[in-house]
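Q: Just so we're aligned: the sequence shown equals residues -22 to -1, 1 to 267 in mature numbering (1 follows the signal peptide of the UniProt record, and there is no 0).
Derived from the structure by calculation, the hints contain no laboratory data.
One should not assume that every hint holds.
Here are the simulated EDC-like cross-link-like pairs (lysine to aspartate or glutamate), alpha carbons at most 20 Å apart as the crow flies [to be verified]:
1) 99 / 170
2) 99 / 145
3) 99 / 171
4) 99 / 166
5) 99 / 22
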Amino acid sequence: MKLSVVSASLLALAGAVSSAHAQFGWAVTTESRLVHFSLSAPSETILSSSITGLRQSNGVTPDAFGNIYELTSFNGQLYGLDGHANFYSINGLSGQATFISNAFAPAGFDAGLAYDPFTGKFRFVSDAGENVQIGLNGAVTNGNATYYAPGDANFGASTVFNGLAIDSDFGTGFALDSATDTLAITFDPNFEEFFTVGSLGFDITGLGSLDILNGALFAALSGDASLSSLYSIDSTTGAATLIGDFGTGVTGLVLTQSAAVPEPSTYGLIGAAALAGLIVLRRRNNRRA
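Please build the complete structure, drawing on both the sequences and the hints.
A: Encoded structure:
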């Protein structure tokens, strides 16, 4: 099969764009905005929209001042919990939240939320030791409290979790502990027993979120409970390495392999490639004439 010059130019460009911008993320800010960004430049927003459709604790009355405090995804769809523990699906382009349920009332203030492909449910852990499963329909199943394993460096200490990520290949769970400023890990399918991996390297607050992409951990962390930065996290030592600042506070983080919409600069590149292809094609036609 022969490709036209224009098609070949566009395919080559698509490959270049894909390799140059391979990882992206969604973040919920403390200003109740949903932002889409490249992991290499978290402060440069590709797409931003206000989150709408949130409800008060009764699950009915609109809440104009609400915010999503935990964010995760399944099969390309964003899901989140607000401050009333209302559970929503969220449109990544418009920021519109669709109410699913308000089936539980967590005791904790900070928490982590992640999808577990081995159970087909979302896992919720909190700074109060809570351990809850949430179905796609919003149905809730309470589990036993989280704890540090006997013999662990933090055995006997409370698990004060404010971020959770689950490896979709192995089911391994990772959690941020804002009390010990560490990364924790669990191999327990019930997400009860955790082990300390190691120190993040600095003091963090409860304002944080954790996610995993292709086996690599990333976190939105804050040292002052106001402004957040994006870090890569070493899953074997717990050490956090700064990537860049968000320029705002971030309550939820989701990673993705592809952009939801092309970046503005991409449109220009596509146009340039198409124009170059047309010029070459015209020259060939002129020679034949």
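Q: Does each hint fit the structure? Answer for all of them.
A: Results for each hint:
The hinted pair formed by residue 99 and residue 170 meets the criterion: a straight-line CA distance of about 16 Å does not exceed 20 Å. Pair hint residue 99 plus residue 145 holds up; C-alpha atoms about 14 Å apart against a cutoff of 20 Å. With a CA separation close to 19 Å, the supplied pair residue 99 and residue 171 stays within the 20 Å bound. With a C-alpha separation of about 15 Å, the suggested pairing of residue 99 with residue 166 holds against the 20 Å cut-off.
Distance hint between residue 99 and residue 22 is unfulfilled; the C-alpha atoms sit about 32 Å from each other, more than 20 Å.
Consistency with the previously given hints fails for number 5 only.
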